[in-house]
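Student: From first to last, the protein sequence lines stand for chains A and B. According to our numbering, the first sequence is numbered sequentially starting from -2. According to our numbering, the second sequence is numbered sequentially starting from 40.
Treat the hints with care, as some may be off.
What follows is a set of in silico ranges between Cβ atoms, one per label pair, in the way DEER data are often shown [claimed, not checked]:
id: 1; chain 1: B; residue 1: Phe155; chain 2: A; residue 2: Gly13; range: 54 to 60 Å
id: 2; chain 1: A; residue 1: Thr50; chain 2: B; residue 2: Glu73; range: 47 to 53 Å
id: 3; chain 1: A; residue 1: Gly13; chain 2: B; residue 2: Tyr272; range: 40 to 46 Å
id: 4; chain 1: A; residue 1: Arg59; chain 2: B; residue 2: Tyr272; range: 30 to 36 Å
id: 5; chain 1: A; residue 1: Arg59; chain 2: B; residue 2: Asp336; range: 42 to 48 Å
id: 6; chain 1: A; residue 1: Arg17; chain 2: B; residue 2: Leu157; range: 20 to 26 Å
id: 7; chain 1: A; residue 1: Gly13; chain 2: B; residue 2: Asp182; range: 20 to 26 Å
id: 8; chain 1: B; residue 1: Asn328; chain 2: A; residue 2: Thr50; range: 20 to 26 Å
id: 9; chain 1: A; residue 1: Lys45; chain 2: B; residue 2: Phe367; range: 56 to 62 Å
id: 10; chain 1: B; residue 1: Glu126; chain 2: A; residue 2: Lys48; range: 44 to 50 Å
id: 11; chain 1: A; residue 1: Lys45; chain 2: B; residue 2: Lys346; range: 31 to 37 Å
Derived lysine to aspartate or glutamate pairs resembling DMTMM-like cross-links, with alpha carbons at most 20 Å apart [unchecked claim]:
id: 12; chain 1: B; residue 1: Lys89; chain 2: B; residue 2: Glu73
id: 13; chain 1: A; residue 1: Lys14; chain 2: B; residue 2: Asp325
id: 14; chain 1: A; residue 1: Lys34; chain 2: B; residue 2: Glu343
id: 15; chain 1: A; residue 1: Lys46; chain 2: B; residue 2: Asp325
id: 16; chain 1: A; residue 1: Lys45; chain 2: B; residue 2: Glu212
Hints listed in this document are in silico derivations from the structure and should not be mistaken for laboratory results. Glycine included, every Cβ here is placed at the ideal spot set by N, Cα and C.
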Amino acid sequence: MAKKEFSFNQAVNEIGKILREIESGEMDVDRLSSEVKRASELIRQCQKKLKTTEEEINAIFRDLT
Amino acid sequence: MNKRLSLTELQLIIRDSLYMALPDMYWVIAEISEIKVNYSGHCYLELVEKQPDNVNISARIRGVIWNHQYRFLKPFFENSAGESLREGLKILFRAKIEYHEVYGLSLVINDIDPAFTLGEMALKRQQILKRLEREGVLTMNKDLDFPHVPQRIAVISSSNAAGYSDFITHLRENSYGYVFYTALFDTPMQGSDTQAGIVRSLDRIALHAELFDVVVIIRGGGSQTDLSWFDNYDIAYYITQFPVPVLTGIGHEKDLSVTDIVAWQALKTPTAVADFLIECMVRAEDQLNDMSRGITDMSLLILERNKNLIDSARLKLIPLAKMSVSEFRSELSDIIINMINTGKEYLMNARLAPENQRSRLVSGSASFLSASKNAVNQAKKSLSAGSEIFLSMRKNEIAGFVNMLKILDPDNVLKRGYTITSKNGRIIKSGRELSKDDIIDTRFSDGPVRSKVV
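Next comes chain A alone, as it looks inside the complex (with noise of 0.2 Å):
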């Protein structure tokens, strides 16, 4: 597979390093609007990942068997 997939693995080690980073306390104000956003999206893509088919996936699930 050529296509870059979404890891939700991954998604989800950099949006705990967010929260941890924000709960550090280290985070200024102006880093923390970029970030909430930035962890947001990740969290938004995670959900959609869960509940809604990708075809290409079936279709490659099919040529398999």
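With chain A's structure known, arrange chain B on it following the hints.
Tutor: Here is chain B on its own, set in the frame of chain A:
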């Protein structure tokens, strides 16, 4: 060589000799190499003993279980051993030697000990596990990280197995709306093809291992309880070496097969496997929600903290600003003093400037002054004119008031010929208030007169 026997006579001699030499029942250990049940319900077996290499055969005999025995023995054995009587199974049975002049030698089996087979299977299982442990691979699949989202699933099962459709239905109809992708690798789930089939499917999955989050090996429960197909070294070894976690649901209530033991997680039924996968997704989503909440809460906290910071800065800023204003003021007065001095200096310097410049300055000042004087005079005039008008207006107004007051004054009223009548000091406004001989006082403008009513 003198006496000639018919074949039947010989067979009968053999039979009788055998019966006399071996009159008892014997408990015998053997492996079933073939088994079939004919139309009338009799069970025919081929029993063998293998050499230690497990390939070559050192002994073989036919066996039979008559239908009236088989009817009871079969369910008894299957219930106790959890295995059906099948080829490859080692059994301990009680048999009588039978010799038939047409069919020859066979063993008539009238009892089988399931405990022996159970022990055998346990032993075999132990041997396989020990070997895997010796090779250091036993827990390799368990040591893999299980994916957060086990969404892409390679299924090793039989397409017509009830367990397979249960599994698919259960996944599809999960109440959370999670999406799962499944690819079935159709594989026989029992019989002697099981091992080769599962290994072949695992090979095919391994070619695309990056496409899958998890492999599940499932089959329905029901009467298919033959677990020993999964007590297999090859299957187990493949699983331990597999790069993707393997889950099993091969439907056995009591025991775990070797396949179950080496798998990442063993579950009892295909439905339980589906539940497990759904549960993983729930956990993933919960984690996501927790982090999301955490980010929101912490961000709000940071914003609040910064807002407080700004507020307290502002409170400090006001006195600071006042201070700096007063500083600025004193600075300003310094500047004014400087300016005045500079102005004086300038004037002194100007005095030294050429005459014409000076006269220009003087005449300029003079014309400015006369213009100013005119403007002031003008303003004065218009001011006094305005004042006069205003004052005369007020004067007239006041005169009006004075006249009004004069008219209303009683003295002025009396002067105009009116009088005021009173009796005992009380003013009389009506003639009816008086009667004959009343003494009344009449006040004129120049004095009172007392008189008597007649």
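Student: Starting from the hint 30 to 36 Å, judge whether the C-beta atoms of Arg59 (chain A) and Tyr272 (chain B) obey it.
Tutor: Holds: the Cβ-Cβ distance is about 34 Å, inside 30 to 36 Å.
Student: If you check the beta carbons of Glu126 (chain B) and Lys48 (chain A), does the distance land in 44 to 50 Å?
Tutor: Because 48 Å falls inside the window, the suggested range holds.
Student: If I claimed the Cβ atoms of Phe155 (chain B) and Gly13 (chain A) lie 54 to 60 Å apart, would that claim hold in this structure?
Tutor: 56 Å, holds
Student: Can you let me know if the beta-carbon spacing of Asn328 (chain B) and Thr50 (chain A) is within 20 to 26 Å?
Tutor: 22 Å, holds
Student: When you take the CB atoms of Thr50 (chain A) and Glu73 (chain B), is the distance between them in 47 to 53 Å?
Tutor: 50 Å, holds
Student: Taken at face value, is the distance from the CA of Glu343 (chain B) to the CA of Lys34 (chain A) at most 20 Å?
Tutor: Cα-Cα ~18 Å, so holds.
Student: Tell me if the beta carbons of Gly13 (chain A) and Asp182 (chain B) are separated by a distance inside 20 to 26 Å.
Tutor: 23 Å, holds
Student: Going straight from one Cα to the other, do Lys46 (chain A) and Asp325 (chain B) come out at no more than 20 Å?
Tutor: 14 Å, holds
Student: Go ahead and decide if the range 40 to 46 Å is satisfied by the Cβ distance of Gly13 (chain A) to Tyr272 (chain B).
Tutor: 41 Å, holds
Student: Would you say the C-beta atoms of Arg17 (chain A) and Leu157 (chain B) sit inside 20 to 26 Å of each other?
Tutor: 54 Å, violated
Student: Determine whether the Cβ-Cβ distance between Lys45 (chain A) and Lys346 (chain B) falls within the hinted range of 31 to 37 Å.
Tutor: 34 Å, holds
Student: Take the C-alpha atoms of Lys45 (chain A) and Glu212 (chain B), compute the straight-line distance between them, and say whether it is at most 20 Å.
Tutor: This hinted pair holds, its Cα atoms lying about 18 Å apart.
Hint 6 alone, counting from the list given before, is not met by this structure.
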